[in-house]
Amino acid sequence: MKQRITVDPITRIEGHLRVDCEIEDGVIKKAWSTGTMWRGIEKILVGRNPEDAWIITQRICGVCTTVHAIASVRAVEDAIDAEVPLNAQYIRNIITAGHCIHDNIVHFYQLSALDWVDVTSALKADPQKAADLMAKVSSWPGNSVQEFAAVQKKVNSLVERGQLGIFANGYWGHKDMKLSPEVNLICVAHYLQALECQRNANKAVAVLGGKSPHIQNLAVGGVANPINLDGVGVLNMERLLLLKTYIDKLNDFVEQVYKPDVAIIAAFYPEWLEVGAGVVNYLSIPELPTDTKNSSFIMPGGYIENGDLSTFREITTPKDEWLRKGIAECSKHAWYSDEELLAPWEGKTNPSYTEWDPEGKYSWSKSVTFYDKTVQVGPLAQVLAMLAKGDVRCKKHLGDILGVYKMLTGKVIELPQLHSTIGRIAARGIRCAMMKDAMSEQWQALIDNIGKGDVTTWIKPEIPDHEVHGVGFLEAPRGMLSHWIVIDNGKIANYQAVVPSTWNAGPRNQNDEPGPYEASLVGTPVADAELPLEIIRTIHSFDPCMSCAIHMVDEDGEDVTVVKVL
Amino acid sequence: MNAEKNTQMLDCLGVSRRDFMKFCTGIAATLGLGGLSSTEAIAEALTSKKLPPVIWIGAQECTGCTEALLRATHPTLETLLFQVISLEYHEVLCAAAGHQVEANKHRAMEEYKGEYVLVVDGSIPTKDGGVYCMVAGKPIGEHIKEAAEGAAAIIAIGSCAAWGGVPSIGPNPTGAVGVQEFLPDKKIINIPGCPPNPSNFIATVVHLLTFKKLPELDAEGRPKFAYGRLIHEHCERRPHFDAGRFAEAYGDEGHRQGWCLYKLGCKGPETYGNCPSLEFCDVGGGIWPVGIGHPCIGCNEKGVGFSKGISELAHVVRPTPPAVHPEVNTPAGGENKVAGTAILAGVAGLAAGVSVMTVKELGRQQKEGKNSSQEKEN
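As they're listed, the protein sequences go chains A and B. Going left to right, the first sequence walks through residues 10 to 575 as the working numbering numbers them. Going left to right, the second sequence walks through residues 3 to 380 as the working numbering numbers them.
Be careful, since some hints might not be right.
Derived pair list, reagent style DSS-like, types lysine-lysine, alpha-carbon separation capped at 30 Å [what the hints assert, rightly or not]:
{"id": "1", "chain 1": "B", "residue 1": "214", "chain 2": "A", "residue 2": "357"}
{"id": "2", "chain 1": "B", "residue 1": "215", "chain 2": "A", "residue 2": "500"}
{"id": "3", "chain 1": "A", "residue 1": "469", "chain 2": "B", "residue 2": "310"}
Here are some chain A residues pointing at chain B (derived, C-beta under 8 Å) [to be verified]:
{"id": "4", "residue": "48"}
{"id": "5", "residue": "49"}
{"id": "6", "residue": "64"}
{"id": "7", "residue": "207"}
{"id": "8", "residue": "228"}
{"id": "9", "residue": "231"}
{"id": "10", "residue": "276"}
{"id": "11", "residue": "279"}
{"id": "12", "residue": "534"}
Since the hints were made in silico from the structure, they are not lab data. Since the model is a prediction, treat every value here as computed from it, not as a measurement. Glycine included, C-beta positions come from ideal geometry on N, C-alpha and C.
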């Protein structure tokens, strides 16, 4: 039996996404990923002062927020070959790490947990048994009988009122919900506790950024934070200690809650270690620069082909020409009129909306390729690069998660199993833990540097009159991000953002090969097409961010818009 | 069981007993609770402890406004969702997806007709029939129109929904507009900001629910408790402005002394907001953009936020402070021979110490019948 289903909207993501699947005999045979919103942010940027771009590009996305600001100032700095003061690098790194920790935690709990956790089943749990269970894997004080009983009471109050609110019409009681009532209760408790942890990550970001989301402390050439240990209302020791206090609050939740929970979900759903691989070419770039010239980094990145770690080609600098020359975009299957394969600096994007056509155009998102190949970006790409490089800290965090998994199941997870839906979820947890370690280290580095007497935070950028090109790379929570800028006569002449969700959520490419979302769904069994839980599990494992994916337009764009009313 | 009493209450609400029980059975089935007894129990609870329903629709948004709610602390998002409101529809937070989530929205719109608060974030694309934001196969504008019909109140959160925001600036490629422009016949409460402070939004919602009326709004539909004063007039760096002490480059001596950021392009003098007094993320100690050393970009204000460059100087009507300030013990509205602008501030009920006011602010106060102060000044 053949069925076609449309899931629109996909919820618990950023932005607007639609997914269509063709299901035959209970298994997905074909899939289409459709971005359904477009704003034209780049068109708005043309003609503006490049030093102002970051304040607008940051509004590409309120979830990815800071990364679009930092990538933008990096693009301009690259174009004019500017150095960035060490203090500014550390401050940006602390913000990048803090934002990533918040984002990864919110993704695991608020956005994807409800695909695996049955909230209503938690009502049947015995809080004592739940506490006993967790005592074996974690020393987190929030795993007490009292805490679990209080959470149960809270959920019960929704039921008693008859108002399930955000939990209404979920996939409760679905036959593929496999956690015991106790584990469901534990996860619901952690869903609520995660909110507190991510608030602390944001407070750390706000101490430097002035607000969150949408930080406001950047400048091309550095940051706007004045450092003066003897000044009032500036970055002094008191402010730095406030920052450290919030950083220190993140450790226990990540180590004692997030990492064990990843292992628990994997233990109850081992079959999801076997599906959802999709595209297994991986691309990531190094992140958290530790010098003024972006030539050394804390976290490595690189390219892996066909899931084979021995093919790893490390990328040590964002200046790598091989990296820059390999990236191209195409809109053969996207609602734009120019279909040729173009490098981002030459990018064109004239909107041309037609009906949704599975053989033709069906998304506002373009498809991006690397040397003509579709690649997957994201935490899994980054973690695989780190494993290929032999990164000790990455191995430790992965080992911790595998240890809990083994304790619960008696089994081991093999490397090939990481190419899966659960693999992406686990990699996000590992990367979050690494960011948490790095955040503390970068705080110490900042203190040490200030201690040496360096208080420089900004170097005035010199923007030339002639045409210059720049690209700002950043390994963002959802994967490799790049902002491409052309500056002419001191103004922005072209601007293109090639974002993680364009790499992953894009439609079929110039060779009609499916994008990572689409490929990852093929082969997934769907028990009940009316309740497409399996589809959203895999789609959520990528952490879709659709505002990011779709916002491009030609710089001198005549709007050649063809509209067919549906 | 007190079924009869429930039925009487339902009659008042205009809901038939049959429809009501059908709804309760639906909930019981959703929860996997079978049988009549659980349905009856839910029915009884429902008529006594119902939380006010809220439907949140995202248009051309970046989710920054929802992200801001994740940072809220007074109250927290979890308190809001479990104890203050019942969030019936929200694309980012709802457990359901696809037609399940859409069905639930329609159920809520019917069930709570005339009772729910509608919240919109994001601008609405009006060009080309609205194809630039489609949800469940329909332009987002149609979803908003539909939901606005049965809403008791409509709140536009964030600058995009309030006045068009980033998508509407420059060439406005998608014909993006705010909710008020899209629904000219409806009264819209605007909470601008990019994103706004979540506390301003939550306080507005709770004000509505508690006092059953709108908070006082300004001419732009913004609650006065949050947007009633220029940022410049409540900024902790204002004394530096008055004394002529300015930072002129990031990291220069003035910047490192915490002086006024006006010359770096601060838009505080032309932007209404409570950022200096409320700050962000409830960290404390001066955590807001100006507080940490970056000029205000005027994100609340149409024609300022994202339209003007970061370093472009703000429009200040009378940038020169009065030579002599009023005495601190001058009674409000009382005689003062020194500075006319200070008397005006006192009469208008604003805080003492407001010495420079824009024409816009003066105009607003005159409209409110405070002409006596104007006469005095003349």
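Hint by hint, here is what the structure shows:
Pair hint residue 214 of chain B plus residue 357 of chain A does not hold up; C-alpha atoms about 51 Å apart against a cutoff of 30 Å. A threshold of 30 Å between alpha carbons decides the hint, and for residue 215 of chain B with residue 500 of chain A the separation of about 49 Å lies outside it, so the pair is violated. Restraint check for residue 469 of chain A and residue 310 of chain B: satisfied, since their Cα atoms lie roughly 20 Å apart, inside the 30 Å limit. Residue-level restraint check for residue 48 of chain A holds (minimum Cβ-Cβ distance to chain B is 4 Å; threshold 8 Å).
A least Cβ separation of about 3 Å between residue 49 of chain A and chain B falls short of the 8 Å threshold, and the interface hint therefore holds. The interface hint given for residue 64 of chain A is met, as the beta carbon of that residue sits about 6 Å from the closest beta carbon of chain B, less than 8 Å. Of the supplied interface hints, the one on residue 207 of chain A holds, with its beta-carbon coming within about 6 Å of a beta-carbon of chain B, less than 8 Å. Annotation: interface hint on residue 228 of chain A holds; nearest CB of chain B at approximately 6 Å, less than 8 Å.
Given hint, residue 231 of chain A at the interface with chain B, holds; its Cβ is 7 Å from that chain's nearest Cβ, closer than 8 Å. Interface hint at residue 276 of chain A: violated, since its Cβ lies 22 Å from the closest Cβ of chain B, which is beyond the 8 Å cut-off. For residue 279 of chain A, the shortest C-beta to C-beta distance to chain B is roughly 24 Å, which exceeds 8 Å, and the interface hint is violated. At about 18 Å, the closest approach between the beta carbon of residue 534 of chain A and any beta carbon in chain B exceeds 8 Å, and the interface hint on this residue is violated.
Going down the numbered hints, you'll see the structure goes against 1, 2, 10, 11 and 12, while the others check out.
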